[in-house]
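Letter by letter, the chains look like this.
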Amino acid sequence: MYEISVLSTTTFGVHAEGLGKRFGDLWALQELDLEVPAGSVLGLLGHNGAGKTTAIRILTTLALPTTGRASVAGLDVVTEAARVRTKIGLAAQSATVDGLLTARANLEMIGRLYHLPRAQARRRADELLERLDLVDAADRLVKTFSGGMRRRLDLAASLVASPPVLFLDEPTTGLDPRARNELWELLRELIRDGATVVLTTQYLDEADRFADEIVVLDHGRAIAAGTPSELKAAIGGERIAVTVAAPAELAAAAAALAPFAEAPPVDDADELRVTIPVRGGTRLIEVVRALDAAGVEATDVHRREATLDDVFLTLTERPAVGEGVAA
Amino acid sequence: MIASTRWLVSDSLVFARRNISHVRQIPEKLIDVTLQPLMFVLLFAYVFGNVIAVPGGSYREYLIGGIIVQTLMFGIVGPATAIATDLTEGIVDRFRSLPASRSAYLFGHLIAELAAAALGLAVLVLAGLIVGWRIESGPADALAGFALLILFASVILWLGTLVGLIVRSPDAAMGLIFVVIFPLTFLSSAFVPLAGLPGWLRTAAEFNPVSTVAAATRTLFGNPTAVPAGAPWSLLHPVPAAVAWCLGALVIIVPLTIRRYRIRTAG
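Note that the protein sequences, when read in sequence, are chains A and B. For any residue, its number in my numbering is found by taking its place in the first sequence, counting from 1, and adding 15. For any residue, its number in my numbering is found by taking its place in the second sequence, counting from 1, and adding 338.
Calculated from the structure, these hints are not laboratory results. Keep in mind it's a predicted model, so treat the numbers as computed, not measured. Take the hints with a grain of salt, since some may be wrong.
Derived DEER-like restraints, expressed as beta-carbon distance ranges [said to hold, decoys possible]:
#1 B/Phe545 - A/Arg155: 50 to 58 Å
#2 A/Arg236 - B/Leu368: 34 to 42 Å
#3 A/Arg203 - B/Thr426: 55 to 63 Å
#4 A/Gly189 - B/Ser342: 33 to 41 Å
#5 B/Met512 - A/Asp151: 35 to 43 Å
#6 B/Ser342 - A/Arg319: 49 to 57 Å
#7 B/Ala341 - A/Glu320: 50 to 58 Å
#8 B/Asp479 - A/Leu41: 45 to 53 Å
#9 B/Gly513 - A/Asp285: 57 to 65 Å
#10 B/Ala341 - A/Leu41: 34 to 42 Å
#11 A/Gly189 - B/Ala341: 38 to 46 Å
#12 A/Thr242 - B/Gly513: 51 to 59 Å
Here are some, though not all, of the chain B residues that point toward chain A, as calculated from beta-carbon distances under 10 Å [to be verified]:
#13 Trp345
#14 Arg355
#15 Gln363
#16 Ile364
#17 Glu427
#18 Phe433
#19 Ser435
#20 Arg472
#21 Gly476
Note that CB positions come from ideal geometry on N, CA and C, so glycine has one too.
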């Protein structure tokens with residue numbers, strides 16, 4: 016397979032200082048500081064309503080910040096908004112392509128709106144259809160596309176002008192596992208090409224996979240920031256979750272699990288479940304034996320990767336909630 | 339400045355092309371400006387027309403000016419539903435993140451809809467000629483007539499754009515339009531002379547700007563206007579009144595629309 020360079024590079028990345036956005040009485044985003052060096056990937060991690068989309072909208076000049084300032088590719092997003100728009104590509108959450116046009120017509124139209132000459136817009140559309148594996152569907156109406164194909168086209172649309180800075184707002188939300196894997200493959204290639212990327216996601220593993228630096232957002236505020244390994248060190252890696260038969264057994268299960276835990280156990284009385292961040296090198300069989308020895312009647316014991324919910328449980332010591340301000 | 343004007347024009351044409359491509363996918367979008375006016379011509383010329391008397395001429399000569407105005411009025415549906423649809427689908431965000439001129443999106447819709455209105459106008463002129471309507475005035479007046487109709491169409495399309503930017507869904511746009519546009523169109527001199535209407539209804543219809551524009555169109559095309567004696571100034575001098583109505587409406591609607599577009603898409 017031949018490689019087409021899809022991105023140009025920039026010496027400036029993305030920079031934000033005290034960024035905030037208020038809608039009426041609600042702060043959707045508060046005091047966000049970001050430093051994304053050129054060629055690196057920032058993961059904005061958080062639930063719906065955490066402020067991820069608001070941050071993206073400000074950085075892509077779709078919304079004005081209430082407080083603070085930000086620059087993209089060295090240009091101020093408020094005072095130099097028009098020039099910022101020549102430097103960015105955006106793949107928004109809602110897969111914003113035109114369902115009543117073909118894939119090719121969508122890309123050509125976007126090329127023209129980036130002010131590429133007609134022939135160049137056409138050539139670029141062909142390149143991207145090839146690159147994103149949409150050649151067979153190029154002349155089909157986009158409304159007939161599957162969710163995964165639509166996202167790929169949306170990503171292609173964000174690449175039309177070879178922008179040095181790319182904003183991807185939840186690129187894999189709502190995709191089935193196969194489509195997600197395909198999209199991940201694409202993201203990996205883009206990042207290898209040296210793109211400066213701001214990626215939002217609700218999935219810890221996605222941020223872990225791609226980001227050089229992760230900022231965790233909760234109710235509009237950054238509650239943690241660091242490299243994936245720093246974040247993991249702070250929250251622990253794998254979890255062991257034990258489901259018991261009756262509420263009375265929760266305490267006994269927590270006590271039996273304590274020797275294997277890196278941090279205090281968390282119990283969920285509704286689900287009759289105790290979860291611990293597990294110490295490295297622990298074998299599941301030892302845990303089961305310990306539970307048995309303590310006389311705990313466990314209906315399920317399993318080991319899993321840490322999720323965004325675990326991040327919140329650890330960082331905020333309260334259950335994560337999905338609702339909040341619309342982002 | 340010149341460069342940005344050039345981009346405004348070329349970006350607007352890119353958006354207009356997008357809207358025209360949509361028609362290729364949904365040809366029924368053109369029913370409003372083709373079959374529907376033809377249906378009105380047939381219905382009124384052959385069914386209702388036999389019982390409607392027009393002082394100073396034949397009903398068919400009277401009718402066409404009215405149907406043209408009615409068709410342009412109903413053209414409000416086009417931009418209203420198209421823009422409401424775009425907004426519910428979030429594609430406007432994509433457009434606003436591009437270096438293209440931001441108002442080009444609105445102008446693109448207007449250009450495409452004006453093209454549709456011009457098509458409707460052509461269909462009606464042909465249909466009118468077939469049922470016996472003629473332009474009886476000189477070429478200068480006839481041209482002025484068409485210019486007035488295009489001006490009126492622009493007012494309606496800007497208004498439709500404003501409606502599209504206000505409502506929450508395309509269906510709501512349709513609802514709002516039919517509650518306002520239907521009575522405004524039919525309670526006018528578009529289809530029937532006003533002399534026969536009872537007192538207060540007649541007064542309302544006489545002051546209705548749709549009556550003014552219909553009378554101005556008939557005047558410029560040399561058709562009977564059937565304006566009764568004692569009608570208000572706007573009907574006795576329909577051409578300047580219609581131009582004033584249209585320009586006045588644009589002065590109010592255009593800034594409101596642009597402001598609404600900013601508010602609706604920011605934040």
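Right, here's what the structure says about each hint:
Judged by the Cβ atoms, the range 50 to 58 Å given for B/Phe545 and A/Arg155 holds: they are separated by roughly 53 Å. Range check, A/Arg236 to B/Leu368: Cβ separation about 52 Å, and the 34 to 42 Å hint is violated. About 34 Å separates the C-beta atoms of A/Arg203 and B/Thr426, a value inconsistent with the hinted range of 55 to 63 Å. Take A/Gly189 and B/Ser342: their Cβ atoms lie about 38 Å apart, and the range 33 to 41 Å holds.
Distance hint check for B/Met512 and A/Asp151: the Cβ-Cβ separation is about 37 Å, which falls inside the suggested range of 35 to 43 Å. Here the CB-CB span from B/Ser342 to A/Arg319 is close to 55 Å, well matched to the stated 49 to 57 Å. At about 53 Å, the beta-carbon gap between B/Ala341 and A/Glu320 stays in the expected band of 50 to 58 Å. At roughly 60 Å, the beta carbons of B/Asp479 and A/Leu41 sit outside the given window of 45 to 53 Å.
Evaluation of the 57 to 65 Å hint for B/Gly513 and A/Asp285 yields a failure: the beta carbon distance comes to about 44 Å. For the hinted restraint 34 to 42 Å between B/Ala341 and A/Leu41, the CB-CB distance of approximately 41 Å keeps it satisfied. Under the hint 38 to 46 Å, the C-beta atoms of A/Gly189 and B/Ala341, about 41 Å apart, fit the expected range. A C-beta distance of roughly 54 Å is found between A/Thr242 and B/Gly513, which places it inside the suggested range of 51 to 59 Å.
The beta carbon of B/Trp345 comes within 7 Å of a beta carbon in chain A, closer than 10 Å, and the hint placing it at the interface holds. A least Cβ separation of about 8 Å between B/Arg355 and chain A falls short of the 10 Å threshold, and the interface hint therefore holds. The interface hint given for B/Gln363 holds, since its Cβ lies 5 Å from the closest Cβ of chain A, which is under the 10 Å cut-off. With a cut of 10 Å, the hint placing B/Ile364 at the interface with chain A holds, because the nearest CB-to-CB distance is about 7 Å.
Because the smallest distance between the Cβ of B/Glu427 and any Cβ of chain A comes to about 7 Å, under 10 Å, the interface hint for this residue holds. Interface restraint check: B/Phe433 against chain A, minimum CB-CB distance 7 Å, threshold 10 Å, status holds. The criterion of a C-beta within 10 Å of any C-beta in chain A is met by B/Ser435, whose closest approach is roughly 4 Å, and the hint holds. Interface restraint check: B/Arg472 against chain A, minimum CB-CB distance 40 Å, threshold 10 Å, status violated.
Evaluation of the B/Gly476 hint against chain A yields a violated restraint, the C-beta minimum of about 43 Å exceeding 10 Å.
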